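With the hints as your guide, set chain A onto chain W.
Number of protein chains: 2
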Amino acid sequence: MLDLLKSRYETPIPVGVSNRHVHLCQADWDFLFGPGAEPRRFRSVKQPGFWACYETVTLKGPKGTIENVRLIAPHRKKTQVEIAKTDASQLGLRPPVRGSGDLGGSSPIRIIGPKGMLEVKEGLVIASRHIHFSPPEAEAMGIKEGEIVRVRAGIGGPRELVYSNVLCRISNDYSLEFHIDTDEANAAEVKTGDHVYIEK
Amino acid sequence: MLDLLKSRYETPIPVGVSNRHVHLCQADWDFLFGPGAEPRRFRSVKQPGFWACYETVTLKGPKGTIENVRLIAPHRKKTQVEIAKTDASQLGLRPPVRGSGDLGGSSPIRIIGPKGMLEVKEGLVIASRHIHFSPPEAEAMGIKEGEIVRVRAGIGGPRELVYSNVLCRISNDYSLEFHIDTDEANAAEVKTGDHVYIEK
Chain W
47 MLDLLKSRYE TPIPVGVSNR HVHLCQADWD FLFGPGAEPR RFRSVKQPGF
97 WACYETVTLK GPKGTIENVR LIAPHRKKTQ VEIAKTDASQ LGLRPPVRGS
147 GDLGGSSPIR IIGPKGMLEV KEGLVIASRH IHFSPPEAEA MGIKEGEIVR
197 VRAGIGGPRE LVYSNVLCRI SNDYSLEFHI DTDEANAAEV KTGDHVYIEK
Chain A
47 MLDLLKSRYE TPIPVGVSNR HVHLCQADWD FLFGPGAEPR RFRSVKQPGF
97 WACYETVTLK GPKGTIENVR LIAPHRKKTQ VEIAKTDASQ LGLRPPVRGS
147 GDLGGSSPIR IIGPKGMLEV KEGLVIASRH IHFSPPEAEA MGIKEGEIVR
197 VRAGIGGPRE LVYSNVLCRI SNDYSLEFHI DTDEANAAEV KTGDHVYIEK
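These protein sequence lines map, in sequence, to chains W and A.
Going by our numbering, the first sequence opens with residue 47, and the numbers climb by one from there.
Going by our numbering, the second sequence opens with residue 47, and the numbers climb by one from there.
Pulled out of the complex, with its shape left as it was, chain W reads as follows:
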């Protein structure tokens, strides 16, 4: 139990970098892949119960397209596309920075699958950075649900930085991990599995 004696500032938090990905609702899956088709498991992802699919789609915006964007299954109630701002610039779109599921007023996006092209009215977001904690991890580190902290990354490297506005989320489904997108990871030169620390 020595770990419990560590303060929140001394506990190494593993990084999980999210590449661009798509969650489809059942109706949008059926439209893009055909009714009766089923997504096939490609590999696990860190979120318990979810997995990356063999199936990919193409995203289309006014300025460009991005191919081979991975689907995450099982399907969700609402289609949600999470990209980095670099991707958004390539597509020519300006999605807002949002927490998962907070899609009101998010950007429209065209999604192309083997059976056709779908026009999604809203659902394109840039994910806001956050830390996942299990309840025991949060308790040991003195973290409350919804707390905002600062996180130091890339310590000792050429691109060390401190992220502000990092949201803490606590759930039995979670284990300790700091979630950022590829732009945020690249700005600090960190990758999945590296460790970061909460900053005083």
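It is worth saying that the hints were derived from the structure and are not from the lab.
Given the structure is predicted, the values throughout are model-derived calculations rather than measurements.
Hints may contain errors.
Which copy is meant is left open, so a pair is good if it fits within one copy or across any two.
Result set (DSBU-like, lysine-lysine): computed pairs, CA atoms no more than 35 Å apart in a straight line [claimed, not checked]: (1) K237 x K167; (2) K123 x K246; (3) K92 x K106; (4) K190 x K237.
Leaving out everything else, chain A in the frame of chain W:
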């Protein structure tokens, strides 16, 4: 002269975001575009004396290619290719984070122009972030050449952060500007012309 009374921490510093770009040496230009060809001015860039060319090249790595990469003229003594880490991932390369001109041990890169493909043995880097100051600006802000500072960006926005390891460069050719690449800009949601501040 009221501005001179502002401390380094109170002076707004404009951001300049560098997109990926290529500086060629004369021999490499001749190889890619043909002897006797001359680069044509597309638009000015912030660095005095330099300009972006109409001419572009394609970068090729083991995993992918990036087209329409802008050339900067006039030519340099040594070919230097500056990309973001997101670009490096797309190419399948791992260039180091370096200051301009510091190319020893940097990555190899293939450059394709209208006359052929060039294999550059070293010259691919990710630019290290820095601030340019004129001598009077540096004096007013109490900045010494080579000083390392921290810079706060995206203040009040969803992606506010503090960059560590920011190098201060002073020259008569410079005017006050904080130079970062697209990954770093996107991680903070800042763009060219936004203002940042030196952090205590």
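Okay, the hints, checked on the actual structure:
1. Taking the shortest alpha-carbon separations for K237 and K167, both the intra-copy value of 33 Å and the inter-copy value of 27 Å come in at or below 35 Å.
2. When the C-alpha separation of K123 and K246 is checked against a cutoff of 35 Å, the pair qualifies neither within a copy, at 38 Å, nor between copies, at 46 Å.
3. In the homo-oligomer, the alpha carbons of K92 and K106 lie at most 35 Å apart both inside one protomer (27 Å) and across protomers (32 Å), since each shortest distance falls under that limit.
4. Taking the shortest Cα distances, K190 and K237 sit within 35 Å of each other both inside one copy (26 Å) and across copies (33 Å).
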